[in-house]
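J.: Sequence:
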Amino acid sequence: MQPILIISISIGYVALLFFIAWIADKREAAGKSIVKNSAIYALSMAVYCTAWTFYGSVGRAATTGLGFLPTYLGPALLAPVWWLLLKKIILISKSQRITSIADFISSRYGKSTFLGVIATLVAVLGIIPYISIQLKAISNSFDLLVGQVATSHADVPFYLDTALYITIALAAFTILFGTRNLDPNERHGGLVAAIAFESLLKLVAFLAIGLFVTFGLYDGFGDIFNKGAAVPSIRALFTLESAGLNGWEWFWLLFLSMSAVMLLPRQFHVAVVENTNAAHVSRASWMFPLYLLLINIFVLPIAVAGLMMFPEGGVEPDSYVLSIPLAAGYETLALLVALGGFSAATSMVIVAVIALSIMIVNNLVLPGIVRNQDFRQDNPYSISSSLLGIRRICIILVLLLAYAYFKAVGEQYSLVSVGLISFTAIAQFVPAVLGGIYWKRATKKGAIWGLSIGFLIWAFCLPFPTLVETGLVNDRVMAEGLFGWGLLQPYSLFGLSGYSPVANAAFWSLALNTFAYIIVSLNTQQSPLEISQADLFVDIYKYRSGGSEYEVMRRRARVRDIRILMNRFLGVARSQSLLTAYENRNRVDLSRQQTAEANLINYAETHLAGAIGAASAKIIIGSIAKEDPISLEEMFKVLEQTKEIVEYSKALEKKSAELERTTLQLKQANEQLKELDRLKADFITTVTHELRTPITSIKALSKIMLDNRNMPEEQRAEFLSIVVTESARLTRLINQVLDLEKIQSQPEDLKLEPLDLAEVARQAFNGLRQLMRDKGIVPELIIKDAPVPVYGNFDRLTQVVVNLLSNAIKFADDEQGQVHLRCYQGAKGGYIEVQDNGPGISPRDQELIFEKFTQISDSDKGKPQGSGLGLFITHTIVSQHQGRLSVESAPGEGATFKVTLPLYTEQPGHVVQPSLQ
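Residues in the sequence shown are numbered from 1 upward in steps of one, following our numbering.
It is possible that some hints are incorrect.
Unchecked claim - As a list, the in silico BS3-like pairs of lysine-lysine whose alpha-carbon atoms are at most 27 Å apart:
id, residue 1, residue 2
1, Lys407, Lys445
2, Lys440, Lys88
3, Lys784, Lys898
4, Lys542, Lys650
5, Lys810, Lys775
6, Lys36, Lys94
7, Lys445, Lys88
8, Lys94, Lys26
9, Lys94, Lys667
10, Lys87, Lys32
11, Lys36, Lys87
12, Lys828, Lys898
13, Lys650, Lys94
14, Lys650, Lys667
15, Lys542, Lys87
Bear in mind the hints are in silico, worked out from the structure with no lab data behind them.
Please work from the sequences and hints to get the whole structure.
T.: Listed below in C-alpha cells is the structure:
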C-alpha cells in the first residue's frame with residue numbers, strides 16, 4: 001500500500017476520535033453525559049487490551065501455546081470481587097480527590113511528598129518499556145502495510161526512523177486529548193468516549209481476522225486444529241507442557257495480571273479517576289471478562305494458521321495477525337486489522353502518558369516549584385496555564401524515553417516479554433495499596449522501604465539484564481553476579497534458579513517488598529496525619545455514612561489566603577463556585593470571616609489535591625496555614641472535657657433509653673388502637689354478613705310461600721322448617737353478639753358464688769344428649785369427682801360447657817361421631833375436658849381459633865356454619881373466672897378443649913380466694 005494512503009486513513013481515524021470526544025464533551029457540558037454509563041465504563045477498562053493483546057498474544061501462542069492465557073485469566077478471576085475492592089478504592093479516591101496511583105499511595109501515608117516521588121519513579125520507569133512495545137507494534141504494522149523490507153530500527157538514523165515520527169504523532173494526539181484544559185478532578189469525558197469506541201473497534205477488527213482465518217481460510221475450529229495437529233511442532237502447542245509453565249510460573253503470571261488490571265497507571269485512571277459512579281463496577285465485573293473472552297477466542301487459530309502459512313519462520317509471530325490477510329491478498333481486511341492494532345496501541349499510549357504526566361507534574365515538578373513560594377500575595381496570574389505547559393513537556397519527554405528504550409532494547413524482545421517487565425514493576429504497588437486500605441497500622445516508612453526495595457530488585461532482575469544483552473553493560477554480571485557475588489545473578493537471585501526471569505523477579509521483589517513493609521511498619525510510629533488518613537482509607541464507609549474527619553493538628557489560616565490560593569490554582573470561576581458551595585452547605589458567610597475554620601482548610605486542600613496532587617496541596621496549604629500540634633495541657637483539658645462529655649452522654653443515653661421505651665409503648669398502644677379499629681370493622685362486616693344470610697333466606701322463602709298459596713303441604717312444611725331453623729340461627733347470632741357485648745362491656749357485673757362444677761357439666765351435657773343421639777353421635781359423660789367446688793357464675797359456666805359441646809358436635813366424625821365430656825378435680829384446680837373425634841386442628845390454627853370470627857375450614861366440609869364467636873366468648877368467660885382454656889389436637893386425631901378453674905375452699909373464719917397462681 002502507498003504510505004500516503006495509510007497516513008491519510010490514520011489521520012482520518014484520529015479525526016473521528018476527536019469528533020467522538022468533542023460530541024461527548026459537548027453533551028457532558030449540557031448535562032447529558034454519554035460517559036455516565038456503565039457499559040461505556042466497562043468498555044473503557046478494555047484499554048487493558050493493548051498491542052500486546054492484539055499482536056503479542058498471537059505471537060506468544062505461536063511459541064508457547066496456552067502460555068498466553070494467564071495474562072487474561074488473572075483479570076477475569078479478579079473481576080468478580082471488584083465490587084468489594086475496586087469500589088472501595090473509587091470511594092476513597094473520590095473523597096480525597098485522588099488523580100493517580102502515586103497520589104493514592106502518597107495520600108494514604110500522610111500525604112508524603114517523598115513517597116509520591118518514589119511511586120512516580122516506579123510508575124514512569126516501569127511503564128516506559130510498555131509504551132515502547134506500542135511504538136514497536138505501530139511501526140512494524142506500518143512497515144508491513146507499505147511492504148518495507150524488515151530492518152532493525154536500531155540501524156536506521158533517527159531522522160529516517162518511522163518510529164520517531166509515530167512517537168511525535170502520538171505525543172501530539174496525547175496533548176490534544178488530555179491537556180486541552182486543567183480539570184480539577186482530572187476527568188476527561190471525551191477521552192473516555194473515544195477509548196470506549198476504540199475498544200469496540202479493536203474487538204471488531206480482531207474478530208474479523210479471527211473469523212476470516214477460521215471460517216474463510218479453513219472450515220472452522222476443528223479443521224484448523226486438525227491440520228495443525230498433523231504438524232508435530234504445532235501439535236505440541238496444544239499441551240500445557242508446551243507453554244513451559246509449571247504451577248509456580250502460572251501463579252506469578254496470574255498474580256501480575258491481577259495487579260496490572262487495577263494498578264497500571266492507565267487502568268487506575270480509567271477505572272478510578274474517570275469513574276462517574278461507583279455502582280458501574282457491578283456491570284464491569286462481568287462485562288470486562290466477557291470482552292477478554294471474545295478478544296482471545298481466535299488467538300490460537302490465528303497462531304496455528306500463521307505457523308502453517310509461514311513454516312520457514314520468515315515472519316515474526318507477533319505480526320501474524322497482519323501478515324496473514326496481506327499474504328492472502330485481502331488488503332482491505334489487513335487495513336482494518338491495522339486500524340484495530342493502531343487503536344489498541346494509541347489508546348494505551350494516550351491514557352498511560354496522560355496518567356504519567358499527571359504524576360510527574362503533581363509529585364516531581366510542583367513540589368519543587370511551590371515549596372519556597374509565598375501564596376499570600378494576591379496575584380491575578382493563574383498557575384493553571386503553566387501546569388498545562390509543564391504537563392505537555394512531560395508527555396513529550398515520556399514518549400521520547402519510550403522511543404529511546406525501543407531503539408536500544410525493545411526491538412530485540414517480543415511484545416509479551418517487554419510487557420511482563422512493566423507488569424512486574426507495577427506489582428510493587430500491591431503491598432502499599434492493599435495494606436493501605438485494610439491495615440491501619442501501616443506506616444509511611446514501611447511503604448517507603450517496601451516500595452524502594454521491591455523496585456530495586458525489579459530493576460536489577462529484569463531491565464538491567466536487557467541492557468547487558470544489548471551490550472550497554474558488561475555481560476560478566478550475568479555469569480558471575482554483581483560485584484562477583486554469585487548470589488547476585490539477575491536471573492538466579494540468591495541462588496533461586498530453574499524458573500523464568502519474570503517469576504524469579506516477581507517472587508523476590510514482592511516477597512522482600514512485603515516483608516520490609518510489614519516489619520518497618522510494626523517498628524515505626526505514625527504521624528498524626530498518617531493516623532487520620534489511615535482511618536479514613538480503611539474505614540471509608542464510616543465516613544460516607546455520616547462520620548467526619550478529625551483534626552489531630554490545629555491549623556489556622558486567613559480566609560483571604562485560602563481564596564487567593566484557590567484562585568491561583570483552580571481559576572477564579574471554579575474557586576468562587578467551590579467556595580459558594582461551601583457557604584451554602586455550612587450556612588456561613590465567608591465574606592464576614594477573617595480566620596478560616598479547620599473544615600474550610602480541609603475543604604480547600606481536598607479540592608486543590610484534585611488539581612495538583614495531595615502532596616503538593618499539602619505543601620501549598622502549609623505555606624499559608626500555621627500548624628500547631630495540640631499541647632500536653634490542652635490534651636489534659638480535652639481528657640477532662642471528654643470525661644464530662646462521657647458522663648453527660650451516659651445521662652443522655654439513659655434518658656434516650658427511657659424515651660425509647662415510652663416511644664415503644666406509644667407505638668404499641670397505637671398499633672393496638674389500629675388493631676381494635678380493624679377488629680371493629682371486621683366485627684361489623686362479619687355480623688352484618690352473618691345476619692344478612694338467614695334474613696335473606698327467611699325473606700326469600702316467605703315471599704315464595706306468600707306468592708304460591710296453593711303450594712303443596714310437604715313443600716310448605718319444608719320451607720317453614722327452614723324458616724324456623726334460620727330464625728333459630730338468627731336468634732343464636734343475636735344472642736352471641738349481645739353476650740359478647742355484655743361480657744366485654746360489663747365484666748364487673750359478673751356475680752360469682754361457690755358452685756359444683758360437676759353439676760354444671762351434668763346439666764349442660766343432659767341438655768344436648770338427645771341432639772347428639774339424633775345426629776348419630778355417641779355421647780359420653782365421665783364425672784370422676786363430685787362435687788368439684790369452684791367459685792363462679794353458674795349460667796356463664798354452663799354457657800362455656802354448652803359452647804364447647806356444640807363445637808364438638810359440629811366437628812365430630814359424620815359416620816362414627818364421638819363426644820366425651822369429663823369433669824374432675826386435680827391438684828391445681830377443677831377441670832372440664834370436651835373431646836371429639838373430628839378432623840383435628842393444625843398447630844398454626846390453634847393459635848387463631850380463640851380470636852373473634854375465626855372459623856377453621858375443613859378440606860372436605862369447607863367453612864362450618866356459625867359466627868366464629870363461640871370460642872372467643874368461651875375464652876373470655878373462662879378468663880373472667882381466673883381460669884385457663886387450652887386445646888390439644890393434631891390433624892386427623894380430633895381435638896380436646898380443656899378448661900381449668902381455680903378450686904374454692906372455705907376455712908373457719910375466712911374464705912380462700914380462688915387462684916391458679
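J.: With reference to the structure, classify each hint as holding or not holding.
T.: Cross-check of the supplied hints:
no. : hint            : in the structure
1   : Lys407 - Lys445 : violated, 37 Å
2   : Lys440 - Lys88  : holds, 15 Å
3   : Lys784 - Lys898 : holds, 15 Å
4   : Lys542 - Lys650 : holds, 23 Å
5   : Lys810 - Lys775 : holds, 10 Å
6   : Lys36 - Lys94   : holds, 15 Å
7   : Lys445 - Lys88  : holds, 24 Å
8   : Lys94 - Lys26   : holds, 23 Å
9   : Lys94 - Lys667  : violated, 41 Å
10  : Lys87 - Lys32   : holds, 24 Å
11  : Lys36 - Lys87   : holds, 16 Å
12  : Lys828 - Lys898 : holds, 13 Å
13  : Lys650 - Lys94  : violated, 36 Å
14  : Lys650 - Lys667 : holds, 25 Å
15  : Lys542 - Lys87  : holds, 15 Å
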